[in-house]
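S.K.: Chains X and Y, in that order, give the protein sequences.
Number 27 in our numbering belongs to position 27 of the first sequence; there are no gaps in the numbering.
Number 173 in our numbering belongs to position 173 of the second sequence; there are no gaps in the numbering.
Hints may contain errors.
What the hints assert, rightly or not - The calculated lysine to aspartate or glutamate pairs, modelled on EDC-like cross-linking and capped at a C-alpha distance of 20 Å, are: (1) Y/Lys39 <-> Y/Glu62; (2) X/Lys203 <-> Y/Glu74; (3) X/Lys31 <-> Y/Glu16; (4) X/Lys137 <-> Y/Glu70; (5) X/Lys203 <-> Y/Asp43; (6) X/Lys31 <-> Y/Glu74; (7) X/Lys31 <-> Y/Asp43.
Honestly, the hints are just simulated from the structure, not real lab data.
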Amino acid sequence: MAHSGTESNAEVSIVNYGIGNLGSICNMFRKLRIAADVVTSPESVSQAKRLIVPGIGAFDACMSALEKSGLRGAVLEFAAARRPMLGICVGMQMLTLASEEGDMPGLGLIRAHTRRFPNSEGLRIPHMGWNTVKWQKSDHPLARDLSTDCRFYFVHSFRVICESSGNSLASCTYGSDFSAAIVDGSICGVQFHPEKSHRFGLKLLSNFATS
Amino acid sequence: MNSLRPRVIPCLQFSEGELLKTRRFKDPLYLGDPINAVKIFNDLECDELVVVDIRATLQKREPDYSMIEEFASEAFMPLAYGGGISSLEQIHRILSIGIEKVVISTAATDGKLVSAAAATFGAQSVVVSVDVRKTLLGRREVWTASGTRSTGIDPRAYAVLMERFGAGELLVQSIDLEGARGGYDVALMNDVSRAVRIPVIACGGAGSLEDIRQLMQSSSVAAAAAGTMFVLHGKHKAPLISYPRPSEIASLMQPHEGRA
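Full structure from sequences and hints, please.
M.R.: Have a look at this one:
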């Protein structure tokens, strides 16, 4: 499973830059019986069929880990070739231009900004737990067979706001609205954890792997 | 919406391959196969799951990694593991398997492991267990080592300390009520959750959804955990796994629903 040979026939490759819970993403693809592997070299990133960029913890810690791993360039090239990519949680925030959590720039693949939650009364941070999302592009392949009453598991302290509503694939409300999923061409990101969201997450990952 | 619906979390106890259930941290009852239990809770689409090896610390054992791996491969919801955790290496290994959160109890007291774990893996992966027992004089104190060692510290002060060390969440458990099915120590939960900004998971004493409703409506805890209620049925304590439907959980925030 966790090898990164050039002969890999994985449908989905998960970028291992030293951060994120890769185990649970792998477990879910195993459950789906979809071949997935974990990639650690620029060559294997560029040979991937579809790429998942995980992320957890602090924004700058993720960005600098990606930089140090030597995979940043390969990820950007993969995106420039308009091949399918999915960022998960902080992995989605990394696709944006920048985050108020850190000083490092994001990958800038989607015109969006990662911002603080509004400082409103009674709003506990992080947004942790199950919430529903509203698909703004319900005909998008990632949203296939995912109705409006599906729920996903979220854990995050910062949220993504798109510059143009055209890049917001799904919205969620916590204090105020934010993007639960973003898209630009072949590049997508989800704020929630599909790998921890029961059949709803299984469906979403299976949609990505067959898109 | 300014708050999420509360999370309802089964809390499973196991040791050496056996699913167990204690009362007041004592008299473990053998209930069957823990992997099967995790599988059933996954099928019931539970919000989250906590699994605790209740003897690892006392027996000075390493976490049972092969068992944890079995749990992770059956759980497609957030999963927290506790029991015998005392080093960053162990935490790294557990998280790599596919576990989201580790529950630290005995090794949390001096704060070093909690701080290091939060800095390395993010606060969201670090849950500190706050096991509370009442003294004969009615004072509440935090205990560690599966309820065998008193810290002498008041739970509110302990919670604030753990938050400062970097804990991302607290699992607050009343030892005296554990397994009794008479309701939560709502006053304790309220006291602790008001003292910190991080989410508090309340545990110990739940016997029915009504107990969870009462907890949710009279405190600001983020989640209700329960063991006995979800694994035992009836006064003869027959092993039977159950979990509320999503509509039942959603109704927990609505007052008085379903009451006579």
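S.K.: The structure should be examined with respect to each hint, and the outcome stated for every one.
M.R.: Okay, the hints, checked on the actual structure:
no. : hint                 : result
1   : Y/Lys39 <-> Y/Glu62  : violated, 24 Å
2   : X/Lys203 <-> Y/Glu74 : holds, 16 Å
3   : X/Lys31 <-> Y/Glu16  : violated, 26 Å
4   : X/Lys137 <-> Y/Glu70 : violated, 37 Å
5   : X/Lys203 <-> Y/Asp43 : holds, 15 Å
6   : X/Lys31 <-> Y/Glu74  : holds, 9 Å
7   : X/Lys31 <-> Y/Asp43  : holds, 13 Å
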